[in-house]
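The listed protein sequences derive, respectively, from chains A and B. First residue of the first sequence: 928, per my numbering; consecutive thereafter. First residue of the second sequence: 928, per my numbering; consecutive thereafter.
Since the list gives no way to pick one copy over another, a pair counts as held whenever it fits inside one copy or between any two copies.
Okay, derived cross-link-like pairs now, DSS-like style, lysine-lysine, Cα gap no bigger than 30 Å in a straight line:
hint, residue 1, residue 2
1, Lys1252, Lys1299
2, Lys1341, Lys1252
3, Lys1164, Lys1224
4, Lys1392, Lys1024
5, Lys1341, Lys1392
6, Lys1021, Lys1392
7, Lys1347, Lys1383
8, Lys1383, Lys1299
9, Lys1114, Lys1164
Calculated directly from the structure, the hints in this document are not laboratory data.
2 protein chains.
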Amino acid sequence: MEALLRRCRVPALGARHCGIRAQHGGTAGRPRRLLLSQLFQPLALPVGGQAGPEGRPGEPTCRSQRLMLQGGLIHPTSPGCYCYLPPTVRAMEKLIKVMDEEMQAVGGQKLNLPSLCSAELWRASGRWDQMGPELFRLLDRHNHGYCLGPTHEEVVTALVASQSGLSYRQLPLRLYQITRKFRDEPKPRFGLLRSREFYMKDMYTFDSSEEAARHTYEQVCAAYCSLFTRLGLRFVKVQAATGSIGGTTSHEFQLPADIGEDRLLLCPQGHFAANVETLNGEQTSCPTCGEKLTETKGIEVGHTFYLGTKYSSVANAVFSSAENKPQLAEMGCYGLGVTRILAASIEVLSTEDSIRWPSLIAPYQLCFIPPKRGSREEEGAALLERVYDDLAEALPHLAGDSVLDDRTQLTIGKRLKDAKRLGYPYVVVAGKRVCEDPPVFEVWNQNAGEVLFLTKEGVIELLSKVQVP
Amino acid sequence: MEALLRRCRVPALGARHCGIRAQHGGTAGRPRRLLLSQLFQPLALPVGGQAGPEGRPGEPTCRSQRLMLQGGLIHPTSPGCYCYLPPTVRAMEKLIKVMDEEMQAVGGQKLNLPSLCSAELWRASGRWDQMGPELFRLLDRHNHGYCLGPTHEEVVTALVASQSGLSYRQLPLRLYQITRKFRDEPKPRFGLLRSREFYMKDMYTFDSSEEAARHTYEQVCAAYCSLFTRLGLRFVKVQAATGSIGGTTSHEFQLPADIGEDRLLLCPQGHFAANVETLNGEQTSCPTCGEKLTETKGIEVGHTFYLGTKYSSVANAVFSSAENKPQLAEMGCYGLGVTRILAASIEVLSTEDSIRWPSLIAPYQLCFIPPKRGSREEEGAALLERVYDDLAEALPHLAGDSVLDDRTQLTIGKRLKDAKRLGYPYVVVAGKRVCEDPPVFEVWNQNAGEVLFLTKEGVIELLSKVQVP
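With these hints in hand, go ahead and build the complete structure from the sequences.
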């Protein structure tokens, strides 16, 4: 049979197919240039006074939703459901890499739990009834009930409970996943800020004592702080309500923003920060220092819960203690909104008409703009392409992060305007000074708001500092 | 407000939290060693005559399902739904990287489409009725109907149709995603080979003519051949039925295996290969050369369809032709089963009691086994750890791919047996010869079935050839 199989494979692997593949570069050799005209990023940028898409009629919009629709980043299908278009997937994959690094730095182990969660399991925890209409529910062909998991406390606790012989020596267990979640929002709105399908990073931790679990809680919170700091996002960590998840201690990570749906009260001295939903009545001054609290609105991007044994006692998730006795695991759970962080970043960093990304996770780091076809500087096109290719060779980690705006029927000014709106951290232009000897290129550092004039070597030197996850 | 926020962040970023993080190594500096005792991989390996889990009572099992359950790779929740445990997630992420490379080498652009697909859209294509009970269906809180997408022809075609002004110059468009899919199988079985939730890579292509679409079809098939070849899997490409997806040409990529659910007829000379479901009656000889056809069974791991305008005509997915006339796009769709390829690889490569992975996507490339605690060779433990650390420094791409089996209460023999069952491509043992000068280590190349005795430098030299995606 082996001979037979080898024979059958010949047509698929023969010279003809290799020839076809060679046209596209393949994985070996110099990566081909990414041409903007070939990228699927259907722009609906406003031209002059004409407005781009504003969401569905009657749907409330916010800056990030509008910019993401106009910039070809998302496309709506049903209320609260979006296609994530290629640049969004790129940003999301970068964000996921950063999250993986942070979670693994605190001992996180990644798994992947089913979306279909059995009604039986959710009835046992009481959440089947408690969640009400927020839960998407369905029946399979045998009439067994399921919900589409918005979080996975029940499933992961049952998983750990099934591991007979779990020893205290194996704890803490810090298990996480980064997967699509579902919530039937009463009013999906604001694009990816409040959608019915979204990606979330959720971690579940299992410790041998309350003290150990509190230590885990602090470590995961610190990892969240590190993440937002690396993204360059200003955030506040506030005390929060535990809601339907339950537990006794909870914090939210909030990005202050006018569009935020949470009201926060903050001590100007940094002694106290709370979501107002946790406060009884009219608290106006800091319980520690007495300073008057300031109110702001925030977008929740992370949420942590100290759960105790709420779920482990239902599923009987036990470990053998040092005294060889079965003991319930002390749990915590920790969520980061992946798609929500993308939108919230755009919400807080962008201007009215120009997207700004956290540099680390921008879909593309670089846009190259060659001269207009037929212009006096036209010969500069080859020089710019040389910068593109040499940069890709010198800084291979940026090779796939560079786009060449080959729409040379348009002026540089028009294309630069688009590049500014789309928010590439760096834009390299072959302008008038490309005809000098040596050629000089215009480099826009958009997040710093500065323009530099540099030779090819200067461009490569400058960009050698750019990080990608 | 800025001052206020800065203040609020101080506690989160202060020395106390940094101190906590430092204990875990973080992303900078030498990566900590991965200790097997701390990894969440609940083994249920058979000990002596005692059998491990065999699936649920009455559920048919196969080799890959049994080995994946025993090896702590998957854990069942509901029929056809599994938790993917950490080693499986690692293998899956590696496989996805290889798929991304292959898809992007043929111009694929990655997006991500919603799981909730509106009934309306599926009624328009006729598949709402046609798919019958295989479709998971649900209502949202407003009584709007949805299915959980098993594939996304309707959604992606509507997306492309919504792009007014699409020009023939922008074609071909080759859009793909790698996401979780749903199918209410009548009989979920064989673990990840036929489950109700699974990951699939699905590509949808849009071309300006039938000729161009046929060219795309060949290119994507060639990319599939390249993928399976890189994984070292023997496969056959056979003509296939188009089923509920539709279209006029279709091929399956099959891994020959006794457990396979498809019956294939192959010409021993390689002139002809077909799924029997495409043949009328009793075809026994090759239509080209007249040779007698051989029958084999196969596991379908990929499926390609030339669709023509079946979906583009429903959604009116048009582009402007060179003559500036609207013209329907010619489509193709292409699927690879991600989780199914993982299980099928184990099915065809493993022995009865030992997992074997395609080397490229093994969860971990390397397992280090130090001597038993209290044995004569005990001092060799430090020497082996030195190999681990120096290898991680010399070959940083393998740093995260190495595991130290620190269960030193067990004999080397017992741990080596586990390592063989779990299928690390390489196992490095500090055996008797670790006491020689210079120390000599035992290296098991499990996929080649050979043992080498090497110095530290020899180990690093040997492993420098190991590829990770």
